[in-house]
Amino acid sequence: MKLLTASCHFKSAPVDLREKIGFPTAILPDALDRIGRELDCEAVILSTCNRVEVYLGHSDDNSQLNDESITRFISGFHGIDFDYLQNYVTTRQGIDAARHLFRVAGSLDSLVLGEGQIAGQVKVAYETARNVGAAGPVLHALFQQARTVAKRVRTETGVAQGHVSVSSVAVDYVREVFDRFEDKTIAVLGAGKMGELTLRSLRDLSPGTVLICNRSVAKAKELADQCGGEAIPWENLDEALIRADIILSTTGSPDTIVDRARWEKVASQRKKGRCIILDIAVPRDFDPSLHDGDSVCLFNIDDLQKVRDGRLAERRKHVPHAEHLVELEAVRFVQQWEKRRNNTTIAKLTREFEAKREAIVTNLMARLDGRISADDKQYIAGAFRLLQNQFLHGPIAALAQETNKGMQGGHTLLDAFRKLFRIEDQT
Amino acid sequence: MVDRISLTCFGASYVVALAFDCLYLKLPMRLLRVFSLGFTVAGLVAQATYLACRQPALVEPFGYFLFLAWILAVVHLVRVAPQNSRTISLFTLPLVILLVFLAWFLGGPSEWGGHFLSRRNPLINTVHVGGLIGASVTMSLGFIASCMYLARSWQLRSKHIPGWGLKLPSLENLEIFIRWSLAFTFPLMTAGLVLGVGLGASSPEDWSGWTNPRVIATLGLWIDFAVLVALRHGLGVRGNLLAILMIVAFGLFMVCAILPHPVPPVLRDGGGTP
Numbered sequence: 001m002k003l004l005t006a007s008c009h010f011k012s013a014p015v016d017l018r019e020k021i022g023f024p025t026a027i028l029p030d031a032l033d034r035i036g037r038e039l040d041c042e043a044v045i046l047s048t049c050n051r052v053e054v055y056l057g058h059s060d061d062n063s064q065l066n067d068e069s070i071t072r073f074i075s076g077f078h079g080i081d082f083d084y085l086q087n088y089v090t091t092r093q094g095i096d097a098a099r100h101l102f103r104v105a106g107s108l109d110s111l112v113l114g115e116g117q118i119a120g121q122v123k124v125a126y127e128t129a130r131n132v133g134a135a136g137p138v139l140h141a142l143f144q145q146a147r148t149v150a151k152r153v154r155t156e157t158g159v160a161q162g163h164v165s166v167s168s169v170a171v172d173y174v175r176e177v178f179d180r181f182e183d184k185t186i187a188v189l190g191a192g193k194m195g196e197l198t199l200r201s202l203r204d205l206s207p208g209t210v211l212i213c214n215r216s217v218a219k220a221k222e223l224a225d226q227c228g229g230e231a232i233p234w235e236n237l238d239e240a241l242i243r244a245d246i247i248l249s250t251t252g253s254p255d256t257i258v259d260r261a262r263w264e265k266v267a268s269q270r271k272k273g274r275c276i277i278l279d280i281a282v283p284r285d286f287d288p289s290l291h292d293g294d295s296v297c298l299f300n301i302d303d304l305q306k307v308r309d310g311r312l313a314e315r316r317k318h319v320p321h322a323e324h325l326v327e328l329e330a331v332r333f334v335q336q337w338e339k340r341r342n343n344t345t346i347a348k349l350t351r352e353f354e355a356k357r358e359a360i361v362t363n364l365m366a367r368l369d370g371r372i373s374a375d376d377k378q379y380i381a382g383a384f385r386l387l388q389n390q391f392l393h394g395p396i397a398a399l400a401q402e403t404n405k406g407m408q409g410g411h412t413l414l415d416a417f418r419k420l421f422r423i424e425d426q427t
Numbered sequence: 001m002v003d004r005i006s007l008t009c010f011g012a013s014y015v016v017a018l019a020f021d022c023l024y025l026k027l028p029m030r031l032l033r034v035f036s037l038g039f040t041v042a043g044l045v046a047q048a049t050y051l052a053c054r055q056p057a058l059v060e061p062f063g064y065f066l067f068l069a070w071i072l073a074v075v076h077l078v079r080v081a082p083q084n085s086r087t088i089s090l091f092t093l094p095l096v097i098l099l100v101f102l103a104w105f106l107g108g109p110s111e112w113g114g115h116f117l118s119r120r121n122p123l124i125n126t127v128h129v130g131g132l133i134g135a136s137v138t139m140s141l142g143f144i145a146s147c148m149y150l151a152r153s154w155q156l157r158s159k160h161i162p163g164w165g166l167k168l169p170s171l172e173n174l175e176i177f178i179r180w181s182l183a184f185t186f187p188l189m190t191a192g193l194v195l196g197v198g199l200g201a202s203s204p205e206d207w208s209g210w211t212n213p214r215v216i217a218t219l220g221l222w223i224d225f226a227v228l229v230a231l232r233h234g235l236g237v238r239g240n241l242l243a244i245l246m247i248v249a250f251g252l253f254m255v256c257a258i259l260p261h262p263v264p265p266v267l268r269d270g271g272g273t274p
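Note that the protein sequences, when read in sequence, are chains A and B.
Going by my numbering, 238 is the number at position 238 of the first sequence; the sequence numbering is gapless.
Going by my numbering, 110 is the number at position 110 of the second sequence; the sequence numbering is gapless.
The shape of chain A in the complex, shown without the other chains:
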């Protein structure tokens, strides 16, 4: 088996190069087809905003595939200078290539450690290649294993635990305060970009009412129309505060909008119990002393980012465990592949020996017919079988042992095995 990968990602290459060598969905089938024709191998291309990776495979160990051929293909396909491209492309072979894919699928090589999107992107890349007939048995086995590894990394280690975007952290806090949302009112103060993102996450909770309160009524109406909410003029801000259960504040105001005195006035008119305030504006819109963890839970952008950083730090603690899993799976993949190939060779060898033994024993029995008893015949046939088994046991065990050491060790012995016993390559 020959396995190769060329990788160009956010750590190794600038974004303008990644943009140039990307394989958008529209040209992906053509690229896969050309690789198959030009390099005579299986291929899968993973192209995302953070990485471009080409995986090549061939079941023949003696295939002419090499590091240069893969980089040369990318250079030729996109019309980029080969020498320039070579500086940014990392190539890997054999177990290193398998390990790399498993790290990518397990999100250990992602910009945001443990993000869940990459596993899906790897799956889509493989399915696209399979649909156009570019993926064969080698890459099929590799990508199936990659799915297993991604799942194991996510479930057996903590690298994917907790949300790490500011808006999802905000939603996590909201869920610690409220359980039901159909009777809840969300008030959005301001109409900034960050607010829009957080509101999108909050709307997934299906709140009863969304109020948009902005200095620009037109902007408030626009956002209210987008999210099916109700626009409230800035002068009626207190009304929004009185009605709201969840307040999302994202204004660009240079001063505090709601200080303690104003909140106390509002709180005295509030019919609802508790309120959660997500103050993601800088400078802050709400007086931080309002937070009491009971009737008012106030979280500002620093709080949310601190949670995000804490979760990422926690995820990083699980990286060694995840790397260990990846290593185990990479070795297992190679061993399984080698075993599969060895089994074919061993089966052929055993079949040939069986046939030869049968022929010799049949001749011998014909010659001794009438001179020995049935028991003796059985004993002689058994002795030949034992001789065959004992003779083959040594080489087969040695091959299995060598295969377990990894890809390189198994090759030499298997080749010697084939030559010694004159077995044709059937992988």
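No lab work stands behind these hints: they were computed from the structure.
Quantities reported herein were computed from a predicted structural model and do not represent experimental measurements.
There could be a bad hint or two in this list.
[Said to hold, decoys possible] Per the computed footprint, the stretches of chain B lying under chain A, defined by three or more beta-carbons under 8 Å from a beta-carbon of chain A, are:
| id | region |
| --- | --- |
| 1 | 150-160 |
| 2 | 172-180 |
| 3 | 237-245 |
The C-beta atom is built at its ideal place from N, Cα and C for all residues, glycine as well.
Given chain A, work out where chain B should sit, using these hints.
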């Protein structure tokens, strides 16, 4: 075999179940939850067998605490234990263990014990005891919810990382539960107490009077609950205060349960040894 079941058997079972739940916090393996569930079931069965065989008198703290612990263990098993992600059992099981410990600490069933209920006025007695037991159960559940509420509120006040540490229900859910507990406890307790006073008045020769410490403490408990209900319905009291008052009420309830009953069981049972 059944005779050999003791408080230590089921008490230890609950302790082991709690230990598995604590371990689950650090090591979230499903197997630990299964072990915890298994030991809770074992403890529950042993306790049920013990109660059925010994039938300790409910007017004594021993029988009362054991019976209450058993009901709470049932609630724990049915409602709490199947929830994998929650750590509610860290609040329910300690209470069950505390009640079993108190029963052991306050001594076993007395010589004249042997019946759950008094034989005099059996119907009124049943309603009296049933009301008080019902109130105790809802109050205990309210106490557990209050402890969880304070823990959750502390988590939010300290702006902990969501999902880390104890995984508790939301503040909203806990407050609803506390209010629900108040709504049930007060009428049940009132009915139980009124019937108790009625029973005492019907046999004035046995009634130790209004100066009995248990009567005074129970009256205090009833007033505390009346205040709680007024706060809950009348004024929009903050959840933290409600939770603290609920915990105080539960403490008062424990004191009431420990204090001697105004009508000694030996007299309530007609002076005979069952």
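Consistency of the hints with the structure:
1. 150-160: holds (count 8)
2. 172-180: Held - the region 172-180 of chain B has 3 residues with a Cβ nearer than 8 Å to chain A, which meets the minimum of three.
3. 237-245: holds (count 3)
Of the numbered hints listed earlier, not one is contradicted by the structure.
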